[in-house]
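Enquirer: All chains, please: the whole structure from these sequences, using the hints.
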Amino acid sequence: MRHPDWEKVVSAAARLQRHFPDAVLVGGTAASLHSGHRFSRDADHVLTDLRERFDEVLADLESVAGWKTARIRPPVLILGSLDGIETGIRQLVRSQPLETVEMSCRGERVVVPSLAETLRIKAVLILKRNALRDHVDFAALASSLGHDGTVEAMSSFDSLYPQENGQSATQQLLAQLANPLPGDLGQEGTRIFRGLAEDLQEWSAVRDRCKSIAVALFDGLSGPESLTESPSGRKAVQETKGSTGND
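The numbers in the working numbering rise by one with no breaks, and the one at position 19 of the sequence shown is 44.
Hints were generated in silico from the structure; no laboratory data involved. Just so we're clear, the structure is a prediction, and the values are computed from it rather than from any experiment. There's no promise every hint is true.
[As the list claims (entries may be wrong)] FRET-style restraints, in silico, Cβ to Cβ:
1. Asp244 with Pro122: 29 to 35 Å
2. Pro29 with Ser139: 25 to 31 Å
3. Ile97 with Arg43: 19 to 25 Å
4. Val89 with Gly132: 16 to 22 Å
5. His44 with Arg66: 17 to 23 Å
6. Gln121 with Gln212: 39 to 45 Å
7. Ser229 with Gly174: 21 to 27 Å
8. Glu81 with Glu223: 43 to 49 Å
9. Glu227 with Ser129: 31 to 37 Å
Just so it is clear, CB atoms sit at the ideal spot from N, CA and C, and this is done for glycine as well.
Expert: So, in structure tokens, the structure goes:
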């Protein structure tokens, strides 16, 4: 990743983690550390116990030089800036801890979700907010993992992210990937992102990659009955197979 502000983002993330060693850097910055496909200008972290120690964490943050609080939503969210970089701390939503790795970048060390875990997190965000940046990141991360790695990473998706309505999260994801339409997709498409990799600079390329991933996941995860019994997901993927020429 080559961008004049990238070092500042990574440095701020590493500095926050020195104050909170159990924090995990997530979001677009974690995705960019893994795939190097775009510049991300903020640093979002999660804690497993922010809900239990919100006041303590907030007080500690506000004692750090260079920190400015912008908005809080007790007991699950603190937003602000550290050394001029937009920074957030959130409560980890799921009950299971994240699979993490330590990465080195520009002389700094930061803890992030593993590549497979980052892919799963971006998949959840596609379901929850359906943003363009999540589709871009998901496509880039899947390319970094490769076909088999992507299928393996997503094999635990339903167990890690059970839905309140009892339906399969993978079913819903397949339907959205087979017909991707981000809610914030504008006329400029992916060109709104700074430092974006050349192979992702057109929305059509990201869209086609998402469709190919949907087919790969449907074929690779077709053993579970929850997938083959999903009319919407099955129909969407079958239509995608037809349009891409896959058997």
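Enquirer: So, for every hint listed, does it hold in this structure?
Expert: Status of the hints after comparison with the structure:
no. : hint                           : verdict
1   : Asp244 with Pro122: 29 to 35 Å : 30 Å, holds
2   : Pro29 with Ser139: 25 to 31 Å  : 28 Å, holds
3   : Ile97 with Arg43: 19 to 25 Å   : 22 Å, holds
4   : Val89 with Gly132: 16 to 22 Å  : 20 Å, holds
5   : His44 with Arg66: 17 to 23 Å   : 21 Å, holds
6   : Gln121 with Gln212: 39 to 45 Å : 40 Å, holds
7   : Ser229 with Gly174: 21 to 27 Å : 25 Å, holds
8   : Glu81 with Glu223: 43 to 49 Å  : 45 Å, holds
9   : Glu227 with Ser129: 31 to 37 Å : 32 Å, holds
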